[in-house]
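Asker: This is what each chain is made of:
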Amino acid sequence: MRGINLEVKAGEVHAIMGPNGSGKSTLASVLAGREEYKVTEGEVLFNGKNLLEYSPEVRAREGIFLAFQYPVEIPGVSSTNFLRTAVNQVREYRGLEALDAVKFLTLMKEKMKLVEIDKKLLSRSLNEGFSGGEKKRNEIFQMAMLDPKLSILDETDSGLDIDALKIVSNGVNQLKTKDNATILVTHYQRLLDYIVPDYVHVLYKGRIVKSGSKELALELEDRGYDWIKEAVDSEATV
Amino acid sequence: MSTLIQQNKINDLINHPGIGFESARNSAKEIFNKQGMPALKAEEYKFTSITKKLDSFLTNSLQAKAFEVSVDRVKSSVFEGFEGDVLVFSNGVYQPSVSDKIKELSISSISAAADCPIGSIAKPEKDIFCALNQASFQDGVFISIPDKVKLERPVLFLFLNEVSDAQVIQPRIWIESGDFSEVTFIEQTVQLNDSPTFVNKVIEIKGGINTHLHHYRLQNEGKNYIEVSNIETDLLKDSTFNSVVISLSGDMLRNNLTINILGSNSEGNMYGLYLLNGKSHVDNHTNVDHTVPHSESNELYKGIMADYSRGVFNGKIFVRQDAQKTNAFQQNNNILLSENAVVNTKPQLEIWADDVKCSHGCTTGQLDEEALFYLQARGIGKLQAKGLLLYAFAGEVLEHIGDDPFKKYCTQLVENRLGSKF
Chain X
1 MRGINLEVKA GEVHAIMGPN GSGKSTLASV LAGREEYKVT EGEVLFNGKN LLEYSPEVRA
61 REGIFLAFQY PVEIPGVSST NFLRTAVNQV REYRGLEALD AVKFLTLMKE KMKLVEIDKK
121 LLSRSLNEGF SGGEKKRNEI FQMAMLDPKL SILDETDSGL DIDALKIVSN GVNQLKTKDN
181 ATILVTHYQR LLDYIVPDYV HVLYKGRIVK SGSKELALEL EDRGYDWIKE AVDSEATV
Chain D
1001 MSTLIQQNKI NDLINHPGIG FESARNSAKE IFNKQGMPAL KAEEYKFTSI TKKLDSFLTN
1061 SLQAKAFEVS VDRVKSSVFE GFEGDVLVFS NGVYQPSVSD KIKELSISSI SAAADCPIGS
1121 IAKPEKDIFC ALNQASFQDG VFISIPDKVK LERPVLFLFL NEVSDAQVIQ PRIWIESGDF
1181 SEVTFIEQTV QLNDSPTFVN KVIEIKGGIN THLHHYRLQN EGKNYIEVSN IETDLLKDST
1241 FNSVVISLSG DMLRNNLTIN ILGSNSEGNM YGLYLLNGKS HVDNHTNVDH TVPHSESNEL
1301 YKGIMADYSR GVFNGKIFVR QDAQKTNAFQ QNNNILLSEN AVVNTKPQLE IWADDVKCSH
1361 GCTTGQLDEE ALFYLQARGI GKLQAKGLLL YAFAGEVLEH IGDDPFKKYC TQLVENRLGS
1421 KF
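Residue numbers (our numbering), protein chains in the order written: chain X, 1 to 238; chain D, 1001 to 1422.
Since the hints were derived computationally from the structure, they do not count as laboratory data.
Glycine included, C-beta positions come from ideal geometry on N, C-alpha and C.
Be careful, since some hints might not be right.
Claimed, not checked - Simulated pairs of lysine to any residue, SDA-like, Cα-Cα distance not exceeding 25 Å:
#: 1; chain 1: X; residue 1: 119; chain 2: D; residue 2: 1396
#: 2; chain 1: X; residue 1: 38; chain 2: D; residue 2: 1316
#: 3; chain 1: D; residue 1: 1316; chain 2: D; residue 2: 1278
#: 4; chain 1: D; residue 1: 1382; chain 2: X; residue 2: 43
#: 5; chain 1: D; residue 1: 1065; chain 2: D; residue 2: 1086
#: 6; chain 1: X; residue 1: 149; chain 2: X; residue 2: 165
Unchecked claim - Take a look, some chain X residues computed to stay more than 10 Å from chain D by CB distance:
#: 7; residue: 26
#: 8; residue: 65
#: 9; residue: 71
#: 10; residue: 80
#: 11; residue: 83
#: 12; residue: 130
#: 13; residue: 146
#: 14; residue: 207
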């Protein structure tokens, strides 16, 4: 990252696009608090609080949600136990009372419909043996359960066939309210047919080099990234 | 030099044998006098310096005497939720007066079973601690399971220890089973004080045809507790033997477990979990001997080591020339939580038959950071997330405990440990 300036308001959807290695996933990881990354300069203000001062779990409780590009398989940890622990820790932080088993199951049933996730999957260990599509659906399901204010979807479309893409997008759209916001990190314009962004940003060499409306995504689909790369690289050599 | 001092203390010990078995004791004594305690570099005790440990630890060579045990003491010592029959040992000596009478079994002090061929399964020449026990144990228990006895309730060996000063406790147990029987044995030790204690235990189990025996052991002792145990069983055809050892605490624990598969269509299963902190040292040496065609062994040992603790695993599998169609699987996985924790793991397979399936594997690593981040990113606190992951790792062993109350008890102990700072 070499300096990112980005403002996301409640109710907005931002897409971050860019060629491989431009720093898209790094940005997502930095926002979620992955420890391998060190922020040397700058701040991330989230509802007036500097996120960078918080551990990943506190960020999550504050309302940041990262849908992983590669959700981790965790054998031995049951999906249901994991989610109940997570939901109740988040609720406790937000001053809400913990959900008992019955209320939790009711909530789960309701949210499962959103992404059409099979309850058999949730009786297994977390993500263990899930297909690529099932893992991504499970990410959106977790997002629905945790009710975040800012969701960052890191390449959620990668590895999805068209039906799964529709289901996942549909879930994301239904979760959208005027009080929450979404950042979509993606390679392809395809996802943006289903989740329509308010803004599109192009990330290249760790910076946002171009911003625009959803039409920018179509132009990128049409022309590729080379024209942007050339423009940036020639600027740099001047 | 130190070995010499040790030898003198121990010599003194074996000069005060318990009752009966004169010839067995004499031959064991002879072996002991010839071989002596394991030398520093002895292969079988390479990572577990038991001689050095005992040398600094044994201030005298006194064998602990049995003390009086009340019924109330037994009741208050048995682990919570236990439902079954209790056999009580006071400083290693079987106490019939406070033990339950189990009408399906024939049980007596081992001294009253003069024909019991002690040392015929756990042979004194195989391990020096077997020899020491055989030469000098006080009194143990003899258990005979008749044909076609299926005990629904487990039998608990309750070892109550109370020594005054670095004394030696030597339990001796002989179990023999008729055909078509099934019994579960659980071992629990309770230290009534913090005095340094050395336990040298031998359990011999002679199976019948189509017998199914289960042995579960919990080791959750104080920081002054040293134990060497030898369990050895002979399996006849169509039988199973299941062993689960949960080691949570103690100074130095060495578990020798040997399964001799002498009949076809039999199965030996060995599971172990060691969660160590402080300076605890736990060594599991297992040995399974496939001598006939069509038998199976499964082995899974898992360890989590923190602080300055050390885990040792040595798994021997012999597949003799006649033992075609053997399936033998062995796995040892370890997580090190500190830079100062150590694990030594050594699979040892000797396969003389050509039509067999054998596999072994061992892994040693740290906690999976990616999984930890994933849980944190969902709002779960780091400490709790670690606990969840470690518990998931350990749970695979706990699953194999077939007695529900004991499983619940061990699970609770493990959860408490993993949920804390560890």
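Asker: Could you work out which of the previously given hints the structure breaks and list their numbers from low to high?
Answerer: Violated hints: 2, 3, 8, 9, 11, 13; rest satisfied.
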